[in-house]
Amino acid sequence: MTAALQHYDPPSLSNLLRNAHAMTRPLMLEIIDKACRRFPSLGQGERTARLMRLIDAEAWADAALALMELELPLWQVRRIAYDEGEWYCALSRERELPDWLDAAVEGRHADLALALLSAFIEVQALAMDVSRPSVPTVRPALDPLYEPVACDHFG
1 MTAALQHYDP PSLSNLLRNA HAMTRPLMLE IIDKACRRFP SLGQGERTAR
51 LMRLIDAEAW ADAALALMEL ELPLWQVRRI AYDEGEWYCA LSRERELPDW
101 LDAAVEGRHA DLALALLSAF IEVQALAMDV SRPSVPTVRP ALDPLYEPVA
151 CDHFG
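With the numbering used here, letter number 152 in the sequence shown gets 152, and the count goes up by one each step, no holes.
Keep in mind that the hints are not guaranteed to be accurate.
[As the list claims (entries may be wrong)] Distance windows between CB atoms, simulated:
hint	residue 1	residue 2	range
1	152	79	48 to 58 Å
2	152	11	20 to 30 Å
3	37	106	21 to 31 Å
4	152	95	23 to 33 Å
5	101	58	16 to 26 Å
6	77	15	19 to 29 Å
7	95	57	19 to 29 Å
8	69	12	23 to 33 Å
9	152	96	40 to 50 Å
10	108	30	35 to 45 Å
11	103	33	24 to 34 Å
12	152	94	38 to 48 Å
13	37	151	43 to 53 Å
14	80	152	55 to 65 Å
Rather than coming from a laboratory, the hints here were simulated on the basis of the structure. Keep in mind the model is a prediction, meaning the values are calculated, not measured. Note that the Cβ used here is the ideal one computed from N, Cα and C, for glycine as well.
Sequences and hints are given; from them, build the entire structure.
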């Protein structure tokens, strides 16, 4: 785990978002502080500055989308839907696949920005669970009862 994410606790952030009634500047800054790896390392880049302008303007849904673009470059919004008082947001790495083949990650909330950020936190939690070593793994030893068979005919 990187030093930036040592204090990252996806379940507590998910609960924080679930219990929030509306997006606020302190809540957005807490999400950035606790869940974002790329944001601090970019310094004052154009995308970081754009995100801060959106936060200052309280354009919460746009800020959530900009944060996802910055932090999750391989993920895209697959679906945003509103049903019975809640927003549903699905993020996917393979947006062009049919729904039944795609492994989309979903978030939901009565507030659109909070639904987007709920899906964002779920993807971040998923990324933490999947360890990707920087070196290839060693292939497991073969079953001792396995014997290769030559199929060539030398006759």
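Q: Hint says 19 to 29 Å; check whether the CB-CB distance for residue 77 and residue 15 agrees.
A: Hint holds: Cβ distance 23 Å, inside 19 to 29 Å.
**Q.** Beta-carbon spacing of residue 152 to residue 79 - inside the hinted bounds 48 to 58 Å or not
**A.** 54 Å, holds
Q: Can you let me know if the beta-carbon spacing of residue 152 and residue 11 is within 20 to 30 Å?
A: Given a distance of about 57 Å, which is not inside 20 to 30 Å, the answer is violated.
Q) Cβ-Cβ distance between residue 80 and residue 152: within 55 to 65 Å? A) 58 Å, holds
**Q.** Outcome of range test on Cβ distance (residue 103, residue 33; 24 to 34 Å)
**A.** Given range 24 to 34 Å: holds, Cβ gap about 29 Å.
Q | Outcome for the supplied range 16 to 26 Å, where the beta carbon pair is residue 101 and residue 58 | A | About 38 Å separates the Cβ atoms of residue 101 and residue 58, which means 16 to 26 Å is violated.
Q.
Please check whether residue 37 and residue 106 have a Cβ separation lying inside 21 to 31 Å.
A. Once the Cβ atoms are compared, 22 Å apart, the range 21 to 31 Å for residue 106 and residue 37 holds.
Q) Holds or violated: 43 to 53 Å for the Cβ distance of residue 37 and residue 151? A) Since the Cβ atoms of residue 37 and residue 151 sit about 50 Å apart, the hinted range of 43 to 53 Å holds.
Q) Per the hint of 35 to 45 Å, is the separation of the Cβ atoms of residue 108 and residue 30 within bounds? A) For residue 108 and residue 30 the Cβ distance comes to about 20 Å; the hint is violated.
Q. Do residue 152 and residue 96 keep their Cβ atoms within the hinted range of 40 to 50 Å?
A. 44 Å, holds
Q: State, for the Cβ atoms of residue 69 and residue 12, whether the hinted interval 23 to 33 Å holds or is violated.
A: 25 Å, holds
Q. When you take the CB atoms of residue 152 and residue 95, is the distance between them in 23 to 33 Å?
A. Since residue 152 and residue 95 have Cβ atoms about 47 Å apart, the given range 23 to 33 Å is violated.
Of the numbered hints listed earlier, those contradicted by the structure are 2, 4, 5, 10.
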